[in-house]
Amino acid sequence: MSGIKTLAPKPSELPQQAPRRPPGILRRALRTWRGRIGAAITLAVFGVAFLGPLFATGSGEELNTMPFGPSVAGSLLGGDDLGRDVLSRTLNGGATLLVLAVLATALGLIIGTAAGIWAAFRGGWADTVVMRIVDIILAIPTLVFALLLLSMLGPMLWLVIVAVGLSHAPQVARVVYGAAQDLVERDFVKAVALMGVPSFRIMRREILPNLSTVLLVEVGLRLSYSIIIISGLSYLGFGVQPPTPDWGVMINENRLGLGVNSWGVLAPAILIALLAVGTNILADAIARAGLGEDRANDLPNPDSLGGR
Amino acid sequence: MAVHSMPSRSGAAHHGIQIRGLDICFASGKALVVADVNFDLLPGEVLGVVGESGSGKTTLGLALLGHARSGLRITAGTVMVNGVNVLSQSAHDLRKMRGAVIAYVPQDPASSLNPAIRVGDQLREMLQSHPECIGAGATIESRVNQILGDVKLPATDALLLSYPHQLSGGQQQRVGIAMAFICRPALIVLDEPTTGLDVGSQHHVLETFRQLCRVYNCAAVYVSHDLPVISTIADKVAVMYAGRVVEHGTVERVFGHPQHPYTIGLLRAAPSPDRSETLLGMEGRPPRPGAWPKGCGFYDRCPLGAEECTKAVPSLAPFADQQFVRCIRAGQADNATAFGIRTAPPKPDLGRSNLLEIQGLTAKYGQTAVLQDISFSVQAGECVAIVGESGSGKTTMARCLIGLHSNWIGAVTLDGENLNPASMKRTNEQRRRIQYVFQNPYNSLNPKQDIETILAEPLRQFENLSRKETRERVYQTLSDVALSPAYADRMPHQLSGGERQRVAIARALISCPDILVCDEVTSALDVSVQAAIIEQLRMLQQRLGLSLVFITHNLAVVRSIAQRAVVLMHGEVVEQGPVSAILDTPSHRYTQTLLRDVPRLKERLIV
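Chains as they are written, first to last, in our numbering: chain A, 67 to 374; chain B, 875 to 1481.
These are calculated hints, taken from the structure and not from any lab test.
These numbers were taken from a predicted model, which means no experiment stands behind them.
Ideal Cβ positions, reconstructed from N, Cα and C, are used throughout, including at glycine.
A hint or two may mislead.
Part of the chain B face toward chain A, derived, beta carbon under 8 Å [stated by the list, open to error]:
no., residue
1, R998
2, I1276
3, S1280
4, I1283
5, F1312
6, N1314
7, P1321
8, E1331
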């Protein structure tokens, strides 16, 4: 009968060891095989695009073999329609595409997120106006929208970013709006609003951080769409202009020689496809890791939290 | 394996229910969720399973139907119902048994009835899938009519042809009970079937249920966290804590002479509508499955805990006739001082003037009036309880006061200053002086901010403090609500429900308001935690001279905290006055009915 406690424990005397914070959503996604494979593919293609120029034997613009000529030493993949080295052009032709895609994705996400949160938070007329504009832009197919802008103003790289970014914005706004609508009804947002905290601060500090899962998934998805659209625009001649090497441009230039030296088309096409698939798998892994995450934070029942 | 269970009085092994050595664990691993459950039930007996959230009581209830929630697995034990082991049945046989031999009444009738199928068709469907249960000489129609009569619903076309959403909550739950009894099962499992109902409907549903168990000679397992409810309907009680039954026996023994410290704590935490006393809460929460200690699971919260408690899990040992206790110190637990003593709460000093005055407040949602001409006042230092059933407009009332609902007319004055209906149009100072605590602490804290950030926000808005001063105020306010400074850098999901609600109260308090509007602040919490929070609020009221507007549907709680009560019905004040007057000698019929229907621990069972 030793050490009998005589008083009911006060809460502050209860065991104090802080439970470990669970890892963030991205970290959790990367613990799954799905996430690792997606991240590995994405990183590999980014590696080819940005480190490739260091390994290329030339700039990819000099003529050093016959048109669609066979592979020779130093040019594993043969020549293209003008007799330029396909390998060099492939290694040099990804960076611009990826930079454009990342910038367009960023632009689309920023505009879309801002519009979505604002519409959900303000409600009323702001909601109606923003979401109807979203509906109108959504009614125009993305590629048509981009082509329209580019054919009116001419093929300029900054315009590619704006066109693709703008075409993403309404779709991002839709998704963010839906998620934010749930959040603005939550009591913690009302609690802060009741103190008279300015709207912008509420949107930035209370709503935005709680959209992180949704936004991470959107980054992955929008990035893969951007890549496809921008390489498509280059293929059509509205993006990167020849003779600068570019994956989209290469597919267009070399399609006539598909039967002679298919590498001219296959090499860039495979890289684009890998990148789209990789970012998609990663986005999927993030979405799965985030599934029910916000829910689990709210459940009063430790039964549903205790599982490993 | 030692099996301790109550001996069946009849001794006939093939009748009634016998549960032996039931273990449930996570499908992915060995961590137990429910361990070593044994009990017997005779036909017609009701077993109440009591415990707080996370104790495994719902998991146990479902296991009796041979079901484990996804992620869980029943790993050992038998559930014998009339001589048949439910757990060894094939999926096909199990499906035939469910509904016919074992039935289930879930917590929320609104979501358990199919919203697209008429009530009559849902009842008939039960008999169509179990034709053997219709009974000799009866037809499906006659049986449906009969069962509706049993649950006191009219067997008219109006009812049979209606869809579930057209019925009230009480009616829906009667239909749920009718569906459970229609096949005359041997065992019914009910999971908090009255939690969402008002006391009036709850009273009637419980009465009907108790009667049906006797008429149909059906054994029932009633899962609930509500001790008074269990004491009115159950014959036996099993108190669960951290997945184990810690005390088991007849209601008279367990509630009348509780031996396990947890049972004693639960009973002392339960408020009573009949006596005005301070409440004794138990903070903390049960250990999570997978993190169970080697010894007694209750050790952390136990006032009698000794070192030997941490060595091994005690066995559920017989203590008296019809009573089993899982505690090595059973019998010594009567040491009342260890649990604190319930005393009459001290009277607060009231200021003479009315701090908050509400006059002729009429509020609308769109065109529908939800509050009609409400008038009352709150003195400085006073706690006024707003009492009413769901739909009485009490939450709207609270939201009008703080300006979250602005579609109202009338006057709300704070110290003689008129308050604008909308919070946005009030001055910072007015906003600071009235603070609000939300009902659900699982919803009112930003999951992405740590506690310090959450608490610093009001200071940033209302006061201009340096970083150091802010931190000091955060620590000081945390200690005001009995949390240590270590909580400052935790995230909300690391806290229990009670701790979250303390943080929510701290957020309201940190800017030194004059009035705290508390909207059902304990209804999302367990009884033991509810008591602790109520006591905390009462102490703060006392110490800081705070005024409280305490919105609640729970009349029992009103006694312990409020000085004056306002009773709302359908958006109108039917009665107001000092708490003792309203609860002892209610003058309005509505208040009388409310009070009569509140489930109570039977007087002889009070510790």
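Hints, verified against the model:
1. Contact between B:R998 and chain A, as hinted, is not supported at the beta carbon level, the nearest pair being about 35 Å apart and thus beyond 8 Å.
2. Because the smallest distance between the Cβ of B:I1276 and any Cβ of chain A comes to about 6 Å, under 8 Å, the interface hint for this residue holds.
3. The criterion of a C-beta within 8 Å of any C-beta in chain A is not met by B:S1280, whose closest approach is roughly 12 Å, and the hint is violated.
4. The beta carbon of B:I1283 comes no nearer than 21 Å to any beta carbon in chain A, farther than 8 Å, and the hint placing it at the interface is violated.
5. Because the beta carbon of B:F1312 sits about 4 Å from the nearest beta carbon in chain A, less than 8 Å, this interface hint is met.
6. A distance limit of 8 Å between C-beta atoms decides the matter here; for B:N1314 the minimum to chain A is near 7 Å, and the interface restraint holds.
7. Interface restraint check: B:P1321 against chain A, minimum CB-CB distance 4 Å, threshold 8 Å, status holds.
8. At its closest, the beta carbon of B:E1331 sits 6 Å from a beta carbon of chain A; the interface hint therefore holds under the 8 Å criterion.
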